[in-house]
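Chemist: Sequence:
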Amino acid sequence: MISGWIGVTVTAALFQCWRTAMQQRLRGQLSVNGAGVVRYLYGVPVGLLLLGLYVAAFGGSLPPLGLAVLALCALGGFLQILGTNLLIMAFGYRNFAVGTAYAKTEAMQAAFVATLLLNEHLSLLSWVGIAVGVGGVLYLSLAGRGTSPAELLRGVTQPAALCGIGAGLCFGITGVLIKAANQAMPGPDVVFKALLILVITNSLQTLMQGAYLAWKEPSQFRAVFTTWRDSAKVGALSAMGSACWFTAFALAPVALVRAVGQVEILFTLGFSRFYLREKATPSDIIGALVVVAGVVLVLAGS
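First residue of the sequence shown: 5, per my numbering; consecutive thereafter.
Since no wrong hints were added, every one of them can be taken at face value.
With beta-carbon atoms standing in for the labels, derived distance ranges:
id: 1; residue 1: L53; residue 2: W219; range: 28 to 36 Å
id: 2; residue 1: I289; residue 2: G70; range: 45 to 53 Å
id: 3; residue 1: N123; residue 2: P192; range: 19 to 27 Å
id: 4; residue 1: G8; residue 2: F116; range: 22 to 30 Å
id: 5; residue 1: A297; residue 2: A60; range: 40 to 48 Å
id: 6; residue 1: G8; residue 2: H125; range: 18 to 26 Å
No lab work stands behind these hints: they were computed from the structure.
All C-beta atoms, glycine included, are put in the ideal place defined by N, C-alpha and C.
Based on the sequences and whatever the hints tell you, model everything.
Modeler: Pasting the structure below:
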């Protein structure tokens, strides 16, 4: 079981990195909200396919869905939308590095939220590992941007930093709510429930952000369908990544999943080096090693 959630989490991080790269290209064709909607709209059929394949292989039947489960899915989905928009807003402010760096504190924020709301208790070594991993991610976010740790602390009241902190908090709470939905749903098969929750959440997100898009940006609402070739790829990658995240949340503490999920930044460096042929800098290598050390400490502590 332990090795299972680790593999699922690493796969989730890989899909997320891949989806982000695809979505960046899509941003040239769609607005912030339009690019967000395609994640959910085109993710629903892929989620249904994954659920159907799982049922065909292992069985499963639709459990009774109470209001508590639907409310948790709706709130978690809304916070994911809000977190994504806050992150993009952080990118839009002048101090891009500060906003990005504070958003990377998601793993630490998720650990605190999970401790408070889910009563998840971690060992001291795991807490140290989370702190080390976050430090490595912050270093990678700031390296080469001329922003020192002191400047990072002084910039905590900047709009970019506030949006970044808010984004990290939203993503952290989202994981907690999705795990709570899995626990509240009847049935022993947590993987089946995770895939079902994915379909429910993506459907609710499509309704929420899709309705807003149709109301505020009708031209973008139409563009979501005219760009279906690229949008469908983003939706598929998003659904597969979320399926892995939701499954990992069901199998292990949210804080550990988010901490191990920081390996996403290593995939980003790998994509930069081997696909874009960009040369890795010494600071990239140092930051990557620190992230790896943090993940090792988290796993040793668990």
